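Peer 1: Chain order of the listed sequences is S and U.
Per the numbering used here, residue 3 is the first one in the first sequence, and the count goes up by one each step.
Per the numbering used here, residue 3 is the first one in the second sequence, and the count goes up by one each step.
The hints are simulated quantities; they were obtained by calculation from the structure and are not laboratory data.
As the structure is a computational prediction, the values presented were derived from the model and not from experiment.
Treat each hint with caution, since some may be false.
Same chains, same label: a pair holds when it works inside one copy or across any pair of copies.
[Said to hold, decoys possible] Below 20 Å or equal to it, Euclidean Cα-Cα: the simulated SDA-like pairs (lysine to any residue) are: (1) Lys111 x Ile213; (2) Lys111 x Ser180; (3) Lys187 x Ala152; (4) Lys160 x Ile141; (5) Lys4 x Thr34; (6) Lys4 x Gln110; (7) Lys76 x Val5; (8) Lys111 x Lys212.
Take a look at the letters that make up each chain.
2 protein chains.
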Amino acid sequence: MKVKAITLIPLPISENQTFITQEYHEVFKSTTHYAVEDVRTARRFISSLKLGLNIETLHFFVLDKKTSEVEVKKYLDEVDAERVGVMSEAGCPGVADPGQLMVKIAHQKNINVKPLIGPSSILLALMASGLNGQNFAFIGYVPIQQEEKAKRIKQLSKHVLETGQTQIFIETPYRNNSLIKDLIKNLDKELILCVAQNLSSESELISCHKISWWEKTMINLDKTPCIFLIGKA
Amino acid sequence: MKVKAITLIPLPISENQTFITQEYHEVFKSTTHYAVEDVRTARRFISSLKLGLNIETLHFFVLDKKTSEVEVKKYLDEVDAERVGVMSEAGCPGVADPGQLMVKIAHQKNINVKPLIGPSSILLALMASGLNGQNFAFIGYVPIQQEEKAKRIKQLSKHVLETGQTQIFIETPYRNNSLIKDLIKNLDKELILCVAQNLSSESELISCHKISWWEKTMINLDKTPCIFLIGKA
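Kindly produce the complete structure, drawing on both the sequences and the hints.
Peer 2: Encoded structure:
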């Protein structure tokens, strides 16, 4: 059997699973093979859907940041399924996530790629920020090392002022508080900093203010999943 | 009554409405006031949900690209509702769309902003492209005027080669074929061009290939909604 299609299946970014639709149910009922970032999360998610599926009969291939191109090619050549579901740990596979490698190879092999609609913390944060959504960039992480980090933030500040392009980035949650301090210190005072915490959960909090407001405000973001956005007022 | 929250409600990007969930139903059942890009589309969408609502009793405020900041402020100050739903013509309000202005002002007035999960053609295209999703930018439209357009495409080509940042853009559908020709002519031959057509519909087609492939291939994209992406192989 040859793989004809891969389905990109977004996973919840919080306990909130209200986005799960009939289309999801149909995909899970007809898919037996999955390429997943984390097998435990994937099994738990499928179980939570209560579709009466026997999880033990499903097949999982680990597709994480250690998986090589050769391994993905071999898997797609040899897997005994017409359709493979791709799931990351949370959010949309392929966006800031290892699913991308399988999608890239699927295109090389003329395998159909079908993305499902689901949660992306980057997109939810952008929508909810009120910042420029006609021109925006997601840039991943800023550098860890202090001097480089300050330099990068100053460069982003200048770039936003010059181009108006909203800059979106993330940080390892235990470094959030330290990042906020560096942002306040190094960004132009007229810029807006937006922090979107715990998106799509009961404790979701979206704070968008000028740097001059943040200077006077203490917010503890320690160990909280956050998206950071900077933009022009 | 003072507005306490605005709910950002993504609308379908195709005839496919499978993303509509219980959460959507609850929002529509409890909201009477809406700020919308197009009143007809909004009414038609609400009717299609078949929730037994009397559309005639709902209130619509037009929030399109002509709506001024003063008008939005006045509306939020005077509207007789605790919650306002925001809807654009299609996709996510606030992303490449006039909803952004109301979100921005809501933050200034300390009104809670609640984004719902829904379809974004930009995000679906990125997921399905297999291009770099750790670093990407959406830049809106490229210039119309021929010389400027060629210059901008060459600049994007250089930027992708140097930084690896995926560039995402759109075009007025009747200019798609002309854009494709200019992309083939001006992009570095080693780059990948991905075109995502009719996303989330029956005729969805996602084509990702090197420029050297596109040079040999004729695809008619005339009047088809498309997202264009360029990235490193």
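Peer 1: Kindly indicate which numbered hints from before are broken by the structure, ordering the numbers from low to high.
Peer 2: 2
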